[in-house]
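Given the sequences, and given the hints that come with them, work out the whole structure.
As you go down the protein sequences, you meet chains A and B in turn. Residue numbering for the first sequence follows full-length UniProt numbering, starting at 1 and increasing by one per position. Residue numbering for the second sequence follows full-length UniProt numbering, starting at 1 and increasing by one per position.
Keep in mind the hints are simulated off the structure, nothing from the lab. Among the hints, erroneous ones may be present.
Residues from chain A that face chain B, not an exhaustive set, calculated with beta carbons under 7 Å [what the hints assert, rightly or not]:
(1) 24
(2) 37
(3) 38
(4) 41
(5) 82
(6) 84
(7) 261
(8) 272
(9) 284
Even for Gly, the Cβ is constructed at its ideal location relative to N, Cα and C.
These are the residues of each chain, in order.
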Amino acid sequence: MASVVLSEAEKVYIMHGVQEDLRVDGRGCEDYRCIEVETDVVSNTSGSARVKLGHTDILVGVKAEMGTPKLDRPNEGYLEFFVDCSANATPEFEGRGGEELGTEIANTLYRIFNNESSIDLKLLCINPRENCWVLYVDVLLLECGGNLFDAISVAVKAALFNTRIPKVRVLEEEGGREIELSDDPFDCIRLNVDNVPCIVTLSKIGYRHIVDATLQEEACSLASLLISVTSRGTLTCMKKVGRGSLDPESIFEMMETGKRVGKLLHSSLQTVLDEEEKLGSARKKVGFLG
Amino acid sequence: MAGVEVRLPAARERLAQGLPRGAGEGGRDLVAPGDTITTDPGYMRGHGTYMGNEKLVASVAGVVDRVNKLVCVKALKTRYNGEVGDIVVGRITEVQQKRWKVETNSRLDSVLLLSSMNLPGGELRRRSAEDELAMRDYLQEGDLISAEVQAVFSDGAVSLHTRSLKYGKLAQGVLVQVSPSLVKRQKTHFHDLPCGASVILGNNGFIWIYPTPGQKDEEAGGFVTNLEPVPLPDREVISRLRNCILALVAQKLMLYDTSIVYCYEASLSHQIKDLLKAEVMEEVVLQTRQRLLELEG
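What follows is the structure, encoded as C-alpha cells:
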C-alpha cells in the first residue's frame, strides 16, 4: 500500500494530537473527511460510482453478465470482485506491484458479502441450474490518501445502488427454453442495498482509536480493525490488519465506535444517493473533467 | 460525537467564455501549452518555451516572464528548480558515506554533505571517520530538515547546507506540501506569526508549521528534538494554519506571511474541521483576497 515515511517527532505530534481528540487536520477522533459520491459515471456499465474521500479516489463499475449458477447454489446468482490498483495512484503499483493489495481488498469484499442477507442473490437467478446474472464488481483505485477500505466499500454500495439489470423472460419452447430480453431499456431490476455493509476502519493510535485515518496517521498506527457494519448497526465481519496487537477490551470499544459511526455513514450515504436519484436527469454530471 | 458528511461533487465553475486570454491580472500573460507567445523572431527562447514554425510557443501552462529579450514561462505546477540561497525544507531519504540524500520535491534528490553542517555542540573541526559512523545519530531516514541551497549542479541537483543555527533538524509540527510556484520569494522565509505558531515557507513548496519555540536553545545546534506534548491551544493554531494554507493553495493564492495571517484571521469564525469543506475554503479565501487588495490600495 502507498505509505509515507515520517520522522519520530512527527509521529509523536500526531499521537499526542489523537490523545487530545484534535487531529492534525482539526478533526476529532470519530470524524470522517468529507465524502464525495457520484453515481452513473461510466456509461457502459450496469452501475458505477466514484467516491472521493480526501485524496483517496475510487471508481467502481458493476457489470451484469449472464452465467451459470454455482453448483451448490442453483437458484442464486453471484458477485465477483476484482480490484485494480492503478499505477496512477502510486508508482509502487506499477507492473504487478498492486496485485497483492488488490487481492487482499477483493478477498475482504468477498468476505463481507458472504452472507445471505447482504444482497438478495435469488433475485439474480433466471433459470435455476442454468442461467443467472453474475455481477462483476470492478474496483479501480485512482489515488490513495489513506482509508482505502472504507472508501471502497462506500463506492461498492453506491455502485450496487445504481445498478440496473435488464429484465428477462424465460420462454418455454419445445426443444428447450429461450431467454428473451425486454424491449424497453428502462424495464429493469434494481437491487435492494439496505443490508449491504460498509467497512469502518478503526486505527489504534496510542491509547485511542480513530476512524478514517490519513496516510500519515496510518503510518503511526500499528494495528487497525476493519469492521463491516450494516445500516442497522449489525456487525457482519471483522478483521485485524497491521502487525501490532490489540487487547480484547479495546477491541470491544472499537466495535462500539465502529457500529455507531457505521450507522451514521450508512444514513448519510443513503440520503445522498436518494437525493441524487431524485434529481434524475437534471443532475449535472461532474465526472472526471469537472 | 461522530461526524460523517457525504455529499455530491460540485462541478468546477467555468470562467465566462470569450474572456480575452492574456489580459490576466496586472497585465501578465497566462498561456497554455501550445499557445503562441510571440511571432517576433527577435526574442530569445527560455524555459518552458520552444520554437515552432518561427513562432515562440509555450510548452507549459503558466505565466509569461520577459527579461529584456529572454522569454520564459513559469509553470504553475512544477517540481522545484533549485537556486542558490533558497531556503528549503526536505526529508532525509538515505544515509550514505559522508552525505545524506534529501527529498526536496526537485527532479533529482538533493544532497547534504556531512561537511556542510554544524556538528552538535557547534564544534568546528574536520569531520573524522567517527563522525561518519555517527551520521545516523544526527539525521536518519524520515527526518525533516530545513536548509539553504549551497550550490546547484549542472544536472539540476541541489547541494544543501545547514551551517547556521536557523537550520537543522525539525522537531514536532506539521508538514504541508504545495506547489513551489505558490511560495512567494521574500527576504525571510522563517516567520513567527502573531497567532502563536511559526512557519517555514520552503521555496520548494514544503511548508513546516510548528509551535513557536520559547527560548532559542543554541548549544544543541538543533539536533536534540523536544518530544514533550504540545499544548492543546498551540495544536489548534497549528491545525487551523494548516487548513488555511491548504485553502489558499486550493484557490491558487500566493503564500507569504501576510496572506497566511489574513486567511487565519478570516477563518476564526469557522470551526477548524469545517475549513476542510470547499465552500468554507472559498469564502475564507475570498475575504483574504479582499483584504490583500485593500492593503495594496
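How the hints compare with the structure:
About 5 Å separates the beta-carbon of residue 24/A from the nearest beta-carbon of chain B, less than 7 Å, and the hint is met. For residue 37/A, the interface hint holds, since its Cβ comes within 7 Å of a Cβ in chain B; the closest pair sits about 6 Å apart. The interface hint given for residue 38/A is met, as the beta carbon of that residue sits about 5 Å from the closest beta carbon of chain B, less than 7 Å. The closest approach between the C-beta of residue 41/A and any C-beta of chain B is roughly 10 Å, which is over the 7 Å cut-off, so the hint fails.
Interface restraint check: residue 82/A against chain B, minimum CB-CB distance 25 Å, threshold 7 Å, status violated. Given hint, residue 84/A at the interface with chain B, is violated; its Cβ is 22 Å from that chain's nearest Cβ, farther than 7 Å. Because the beta carbon of residue 261/A sits about 5 Å from the nearest beta carbon in chain B, less than 7 Å, this interface hint is met. At about 5 Å, the closest approach between the beta carbon of residue 272/A and any beta carbon in chain B falls short of 7 Å, and the interface hint on this residue holds.
At its closest, the beta carbon of residue 284/A sits 5 Å from a beta carbon of chain B; the interface hint therefore holds under the 7 Å criterion.
Going down the numbered hints, you'll see the structure goes against 4, 5 and 6, while the others check out.
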